[in-house]
Amino acid sequence: MSEGTANILAMVIVALIYLGIFSVAGLFLVLLERRVAAWFQLRIGPNRVGPLGLLQTMADALKLVSKELTGTVKADKFLYNLAPYFVIVTALMALAVLPFTQGFQAFDVNIGIFFLIAVSSIGVIGILLGGWSSNNKFALIGAMRSGVQTISYELSVGLSLLTMILLTGTLQLSEIIEVQKGGWLIVQGHIPAIIAFMIFMISGTAETNRAPFDMVEAESELGAGFHTEYSGMKFAYFFLAEFINMFIIAAIGATVFFGGWLSPFGITESIPWLGVFWFLGKTFVLIFLMMWFRWTFPRLRVDQLLTLEWKYLLPINLVNIVVMAIVVWLNLIISW
Amino acid sequence: MDILSLFVVVPVITILILVFTKGLKQARHVSMVGSLVQLGMAINLVFSYFKERAVNDAIMVFTKDIVWFKQFNIHYNIGVDGVSVSLILLTAIVVLAGVFISWKMSDLPKEFFVSLIVLATGVYGFFISIDLFTMFVFYEIAVIPMYLLIGIWGSGPKEYSAMKLTLMLMGASAILLVGILGIYFNSNADGGALTFNILEIAKVNIPFEAQKLFFPLTFIGFAVIGALFPFHTWSPDGHASAPTAVSMLHAGVLMKLGGYGVFRVAMYLLPEGTLHWSWFFIILSVIGVIYGAFAAVKQTDLKYINAYSSVSHLGLVLFALLMLNKTAWNGAILQSLSHGFMTALFFALIGMIYGRTHTRDVTKLGGLLKVIPFISVVYVIAGLASLGLPGLSGFVAEMNIFVGAFQHDDMFYRIVTIISVSAIVVTAVYILRVVGIMLMGPVKNDTYLDLQKASWYEKAGILLLLIPIVGMGVAPLWLSDMILASLEPFIQRVL
Amino acid sequence: MNFSNFLLMRHEIILLAITMFLLIGEIFIHEKKKSSLIHLAIFLFGIHTAVGFLELEESSLFGGMFRSNNMIHLFKNVLNVGVLILLLQSADWLEKKIFNQNRGSEFFILLFASLLGMYFMISAGDFLMFYIGLELSTLPVAALAAYETVKRISSEAGIKLIMSAALASGVSLFGISMLYATSGSIYFDAIAEAITASNLTILGMLLFFAGLGFKISLVPFHFWTADVYEGAPISIASYLSVISKGAAVFILMILLFTVLKPLMHVWENVVYVLAIATMFIGNLFALRQQNMKRFLAFSSIAQAGFILLGLITGTQLGVATIVHFVMIYVFSNLAAFGVVQAISLQTGKEHMDDYTGLYRTNPNLSLVMMLALFSLAGIPPVAGFFGKFFLFTAAASKGYYLLVFLAVVNVTISLYYYLLVVRAMFLRKSDNAIPYFKNKLYMRLGLIITVVGILVIGLYSPLYDYIYELSGVF
Amino acid sequence: MIFGVSIYELLTVTSIIFFIGVYGFITRKNLISILISIELVLNASVVNFVVINKYLYPDMLQGVVFSIFIIAVAAAETALAVSIIINLYRQISSVEVKDIEVMKH
Amino acid sequence: MGSEAIIVFLIAGIVLVAGANFLSNLISPKSDNPQKREPYESGMVTKGPTWVQFKVGYYLFAILFLIFDVEVAFLVPWAVVFKDIGFVALIEIVIFLFILGLGLLYAWKKGALKWE
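Protein chains in written order, with the numbering used here: chain A, 1 to 336; chain B, 1 to 495; chain C, 1 to 474; chain D, 1 to 105; chain E, 1 to 116.
Quick caveat, the hints were computed from the structure, so don't treat them as lab data. Incorrect hints may have been included.
[What the hints assert, rightly or not] Below, computed lysine to aspartate or glutamate pairings styled on DMTMM-like, alpha-carbon distance capped at 20 Å:
1) C/Lys-398 to B/Glu-209
2) D/Lys-54 to E/Glu-4
3) E/Lys-114 to C/Glu-31
4) A/Lys-67 to E/Glu-38
5) A/Lys-77 to E/Glu-38
6) A/Lys-311 to E/Asp-69
7) E/Lys-47 to A/Glu-221
8) E/Lys-55 to A/Glu-178
9) B/Lys-70 to C/Asp-465
10) A/Lys-67 to E/Asp-32
11) B/Lys-70 to C/Glu-469
12) E/Lys-55 to A/Asp-303
13) E/Lys-109 to C/Glu-31
14) C/Lys-429 to B/Asp-107
15) E/Lys-83 to A/Glu-178
16) C/Lys-151 to D/Glu-9
17) C/Lys-96 to C/Glu-12
[Unchecked claim] Derived DEER-like restraints, expressed as beta-carbon distance ranges:
18) A/Asn-47 to E/Ala-18: 31 to 37 Å
19) C/Lys-151 to B/Gly-355: 52 to 58 Å
20) C/Tyr-460 to D/Thr-12: 55 to 61 Å
21) C/Phe-28 to E/Ser-42: 46 to 52 Å
22) A/Pro-264 to C/Lys-33: 47 to 53 Å
23) E/Ser-31 to A/Pro-298: 49 to 55 Å
24) A/Val-276 to D/Asp-59: 37 to 43 Å
25) D/Ile-36 to B/Glu-209: 55 to 61 Å
26) C/Lys-151 to D/Lys-98: 17 to 23 Å
27) E/Glu-41 to A/Ser-335: 23 to 29 Å
28) B/Gly-355 to C/His-39: 54 to 60 Å
29) B/Ser-106 to C/Ser-36: 46 to 52 Å
30) D/Lys-98 to C/His-39: 40 to 46 Å
[Claimed, not checked] Reference excerpt, derived from the structure (chain A facing chain E, CB under 10 Å, subset only):
31) Asn-7
32) Val-14
33) Ala-15
34) Leu-54
35) Gln-56
36) Ala-96
37) Gly-232
Quick reminder that beta carbons are idealized off the backbone N, C-alpha and C, glycines included.
Model the full structure from these sequences, guided by the hints.
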């Protein structure tokens with residue numbers, strides 16, 4: 001076997017692994033969401049298909065695949081079909097740089113955080129395309145709202161992550177985790193870091209268009225929002241991408257604020273592969289937090305949403321960066 | 001303040017005072033006083049010049065040299081020789097006469113007098129400059145008020161004439177600019193510094209190639225204002241449209257800038273270029289002389305007649321200058337002076353006639369000698385001077401020119417001289433024709449019978465001009481000696 | 001780092017502070033009292049201008065990115081004076097037309113930002129600083145061109161300006177990238193040392209030149225000029241034609257004379273051709289303009305052509321004459337635009353025919369206009385003559401007599417159309433001439449300064465000597 | 001540095017992009033398309049700077065820094081252009097070049 | 001894996017979508033009728049064009065975002081090297097953020113952040 005073939009094979013394998021993670025995580029998160037929702041509402045939730053209803057979403061997925069693909073005649077066909085590619089590809093690419101554990105990272109790029117911010121902002125193009133090309137008023141309004149919301153909150157995501165970059169001095173995710181061996185960043189940076197984390201979670205939730213920031217698909221006003229005209233498998237892509245994005249936001253949060261795959265106080269440092277569990281565990285805690293939000297807060301109006309971002313989060317963030325800079329300059333970092 | 005700078009300063013002060021005057025009365029009185037002072041200064045200058053000349057044999061006297069732009073070696077450098085002194089005197093007289101003639105200027109009087117005196121400033125400055133740059137500056141200052149003077153106070157197609165005049169003269173000055181720059185950048189040919197100083201450049205042997213290139217530019221640049229043949233077209237239109245005083249100043253003084261400039265700059269600084277090109281410009285000037293004379297015969301409008309006669313007479317000046325000998329040159333300067341007084345007088349008279357009869361068409365006028373005798377008699381005298389009657393200024397000038405011209409024994413020169421002499425005959429034709437039709441015979445229109453007699457200010461203006469004409473004819477020698485003495489350096493340089 | 005070095009950026013820092021101060025004022029001052037910001041802005045800028053004349057040492061900052069010497073310093077002062085006059089002239093307009101729409105102080109903020117950009121542009125020591133300065137100077141002006149948002153042509157002007165400027169800077173950048181490729185640096189000094197005449201550098205230089213040509217509105221790149229001037233508010237048209245063009249000329253001169261000096265045999269020819277084309281096209285198009293703003297637009301294109309006559313020399317003489325000419329041009333053009341501004345503000349008339357008989361009703365304005373036009377045409381004794389004469393001298397010093405000849409032909413053509421305005425104002429009478437009006441204090445002050453400038457700058461020779469002395473640094 | 005791709009190929013691509021941009025600027029009839037063309041021109045320069053820096057002068061970061069600033073300025077430019085276009089659109093309901101030319105020579 | 005990961009993931013994503021689309025096309029039923037292909041508007045027939053001029057607020061926020069996002073891009077390199085430079089970087093960024101904040105305040109005061 002020549003080297004080239006081996007390389008290609010390795011790539012294919014990596015791609016397959018990630019696609020596996022992608023779909024499994026997506027499916028599992030959907031189920032989780034429903035179970036959590038049920039839990040909050042004192043119901044049982046899906047429990048019929050498979051043990052404990054674990055195969056419920058699998059069944060849903062199969063159903064979606066076999067559904068007829070309808071679409072409007074008035075749509076801009078090319079863009080209409082292009083939109084799902086955007087959302088899926090960006091979600092997948094963001095996944096590429098996440099460090100699951102030491103060495104388990106497809107692409108350890110030196111501008112990791114920057115890459116994540118950049119890629120995640122491409123996703124909104126898919127949504128806008130989908131909404132616009134559908135030639136449906138609900139879809140268009142939903143897409144426009146999604147656009148204004150995503151771009152607004154992207155600022156806060158970026159700035160809150162930058163606040164932490166001040167502590168690490170690098171953008172590379174593996175090095176960021178390396179720095180945290182001396183203490184998770186949320187501990188190292190204490191007060192400003194906690195503020196940054198809060199901002200990050202709020203704006204992360206908003207960027208994924210999840211409740212309470214889901215005017216994008218506010219069922220009561222817009223039908224299904226930007227993907228009103230999508231059916232069957234094409235709808236499934238948007239659905240899937242939303243959950244993957246949630247996972248990614250949580251994973252970034254876990255990596256940057258909570259040390260990624262590092263165990264608390266390095267208790268399992270000798271067994272690297274356990275890192276995966278730490279990583280996933282932290283991520284799921286954050287995901288649970290986001291789901292918790294969904295069932296706790298009422299949906300915001302557009303103006304409230306923009307006010308929150310531009311008049312509160314952004315100024316706080318700007319100040320917070322300066323505070324963090326002062327903390328770093330005066331070396332007030334806490335570590336263990 | 002030295003005696004020459006005053007010629008720039010006094011008009012400027014006059015202008016400044018004029019700006020604060022109100023109404024016609026104040027304006028004309030201020031201008032009259034200003035012009036009188038200038039005339040006094042000019043007369044004083046003549047006497048001082050003789051005195052100074054007796055002890056000082058420099059080319060230029062009363063010189064003053066102030067560095068202006070030192071990087072370009074531009075100086076405010078002034079001085080006079082006999083030629084400039086005589087022309088300054090001419091200017092002072094004509095300006096004062098012009099002020100008298102404009103005594104009744106009703107429309108925007110203040111602005112009129114300001115423009116008039118700006119023009120005078122430019123002319124004075126031009127005549128006293130030794131520095132090419134300063135000279136050029138004053139040249140343009142003299143030209144640009146013409147636009148307003150003709151455009152605002154003129155008559156007939158005044159906008160067209162004003163624009164044509166300004167553009168042609170400014171275009172000429174633009175060409176001249178190239179010539180001046182060419183001279184400037186060749187003024188270090190002998191290893192010295194670049195300079196605009198005429199006297200300095202006159203010591204330099206500018207390379208022949210450069211002379212050949214820049215002589216036509218400089219010559220045409222100046223000669224356009226001296227009504228050189230194909231470029232004369234601005235002159236009749238301009239004269240015809242201009243108000244009286246402006247025509248006087250224009251024909252009497254401004255057009256002299258051309259001859260003076262050609263003589264002082266083009267020929268003096270570029271002698272080899274002069275020799276190389278003279279045949280060409282001689283032909284042009286002869287055509288101008290003949291053409292002007294014949295055109296004047298054809299015209300019926302008094303101003304056009306006089307304008308074309310100016311073309312002819314000034315063509316004679318250029319012709320004489322290009323003849324390249326002392327006598328002819330002397331004649332050229334005398335012709336400039338003579339023509340200045342004479343044509344100014346003509347225009348003044350025409351203005352008076354027009355002001356009374358409201359027509360300048362010769363065919364409609366007649367018998368004026370009976371109704372306005374003073375004006376008519378002076379017109380006859382001026383006419384006689386123009387056709388070269390001995391005893392008047394024109395004779396002295398033309399005599400000198402043709403005597404000088406005949407000194408060449410070359411066939412070409414002989415032929416052109418004969419051709420241009422014939423212009424005198426034609427001059428007699430149109431002068432006498434006008435006199436005959438307009439002044440003699442019966443009064444053609446009854447309304448002419450009660451025309452006003454000449455008022456005191458008109459008489460003052462006329463006399464101012466008439467005296468020099470007669471004076472030059474009767475006693476030309478003092479003037480001609482003064483000029484001849486000043487021609488020496490030119491002779492050494494050019495011949 | 002030694003903070004006293006920052007004093008080298010005194011101009012920039014003060015202007016930035018003023019801008020910030022006005023911005024804060026805009027944010028916190030109550031709407032009804034906002035018109036006081038006009039006086040405040042003019043006052044502050046006046047102080048800034050005065051302070052600008054203090055001595056400054058020659059040095060550079062940020063590793064050579066920012067440099068200053070007395071020539072640059074002088075030019076900044078010229079720009080300052082120009083902008084001060086402009087502010088004085090626009091004060092009434094702002095008060096009357098703009099401040100009642102509650103958006104007046106943006107004018108100052110944007111204008112000052114643009115001026116700041118110019119400071120940085122002419123002080124630049126590398127292409128990065130140059131580029132940022134260029135853009136900072138252009139973008140706010142585009143916003144200002146579209147300032148009268150209710151007027152359609154204003155928006156059009158803005159669009160045209162920003163599009164052309166963006167393309168220009170893009171083309172410029174592509175050229176800069178080529179220079180960078182060959183020399184390995186974006187610092188002027190390093191490029192000047194490393195550059196040789198190869199095809200790539202020549203192409204880069206040409207592209208770069210094209211970019212700046214847009215700003216100076218040289219001929220193949222002039223198409224935006226007239227439309228923008230016509231559509232934009234008069235103050236902005238005047239700013240574009242005077243300040244913006246002046247600064248661009250200055251930096252182009254610096255770059256050609258220092259960085260691109262090794263390519264002189266190439267750009268000489270380019271400048272030669274462009275000079276002829278610019279003069280002729282600008283003048284010939286100006287002949288048929290009836291709108292005063294378009295008229296002045298084409299006239300300013302032609303003036304740019306004359307400036308190229310100094311540029312072609314590549315010598316100290318060229319530097320001095322260009323700066324001198326630009327200085328004169330600032331005053332002359334500002335005077336012309338000031339009169340147009342005053343009349344347009346009072347009567348809304350911008351057509352040349354509307355000026356008929358102006359002298360009989362508004363003699364002072366007509367006289368200012370006449371002086372300005374004579375200065376632009378180059379009639380002595382006003383300053384424009386000296387500027388032009390020296391430029392021609394500079395060109396002739398290199399033996400470009402033909403070019404000088406064509407230039408003087410153009411001077412004559414230009415005189416024709418300048419005289420058309422004079423004709424309308426002085427020669428003709430009109431029954432419905434613009435009635436007499438009295439200008440506000442600021443406007444009068446603005447016009448008086450320009451008149452003094454026009455009359456004095458040319459005749460006062462020590463000024464030229466001073467410029468010549470300073471121009472030795474390039 | 002991309003393996004197997006030489007600087008010539010990259011520069012050829014940027015040159016093509018540049019000329020497409022210029023061509024688009026001249027020929028497009030829609031303001032937004034013109035704006036996009038301008039972005040092409042600017043981005044060609046950005047890529048040029050990065051490529052030249054990476055391939056020819058990898059030890060200094062001048063080109064890369066320059067490209068960051070170009071991006072920033074391009075963004076500001078676009079923001080301004082779009083806002084003026086919107087303002088125009090509110091007045092004439094069109095972004096076609098032919099509709100904005102009320103001013104003629 | 002190095003930078004080619006980006007390409008790999010790009011292709012993987014495209015393959016995923018295309019493949020699933022293909023699969024879906026293969027097994028899904030097809031029963032077309034014109035009603036189905038109308039835009040969905042809660043059962044009503046759509047009136048008028050959909051692609052109309054939009055509320056200007058959206059553009060306003062887009063432009064604001066554009067500007068602030070670019071400024072964030074400038075903060076990135078600063079943040080990375082902040083530890084090495086220290087005080088000067090702090091001063092510079094305070095000035096930078098002050099101006100930026102002033103810009104935000106200005107937009108706020110001018111009502112650009114108001115959603116009506």
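Checklist entry - If you check the beta carbons of B/Ser-106 and C/Ser-36, does the distance land in 46 to 52 Å? => result With a Cβ separation near 50 Å, B/Ser-106 and C/Ser-36 satisfy 46 to 52 Å, so the hint holds.
Item to check | Given hint C/Glu-31 paired with E/Lys-109 - CA-CA distance at most 20 Å | outcome: At roughly 11 Å apart (the allowed maximum being 20 Å), C/Glu-31 and E/Lys-109 satisfy the hint.
Item to check | Distance restraint between C/Lys-151 and D/Glu-9, which requires alpha-carbon spacing of 20 Å or less | outcome: violated (48 Å)
Item to check | Restraint check for E/Lys-55 with A/Glu-178, where alpha carbons must lie at most 20 Å apart | outcome: violated (47 Å)
Next on the checklist: With the threshold set at 20 Å, check whether the alpha-carbon distance from C/Lys-429 to B/Asp-107 stays at or below it.
Outcome noted: Given pair C/Lys-429, B/Asp-107 holds - Cα atoms ~12 Å apart, limit 20 Å.
Checklist entry - Measuring from beta carbon to beta carbon, are A/Asn-47 and E/Ala-18 in 31 to 37 Å? => result Distance hint for A/Asn-47, E/Ala-18 holds at roughly 35 Å.
Next on the checklist: The hint says 23 to 29 Å between E/Glu-41 and A/Ser-335; measuring C-beta to C-beta, is that right?
Outcome noted: violated (58 Å)
Checklist entry - Can A/Asn-7 be said to touch chain E, with a Cβ gap under 10 Å? => result This interface hint holds because 9 Å falls under the 10 Å limit.
Checklist entry - Does the structure keep C/Lys-96 and C/Glu-12 at a Cα separation of 20 Å or less? => result Not satisfied, since the Cα-Cα distance of roughly 30 Å exceeds 20 Å.
Checklist entry - Taking the CB of B/Gly-355 and the CB of C/His-39, does the distance hold inside 54 to 60 Å? => result holds (56 Å)
Item to check | Residue hint A/Gln-56, partner chain E, criterion CB-CB below 10 Å | outcome: violated (19 Å)
Checklist entry - Should the interface hint for A/Leu-54 be scored as holding, given a Cβ-Cβ cut-off of 10 Å against chain E? => result Interface hint status for A/Leu-54: violated (22 Å vs cutoff 10 Å).
Checked against the numbered hints given earlier, the structure breaks hints 8, 16, 17, 22, 23, 27, 34, 35 and satisfies all the rest.
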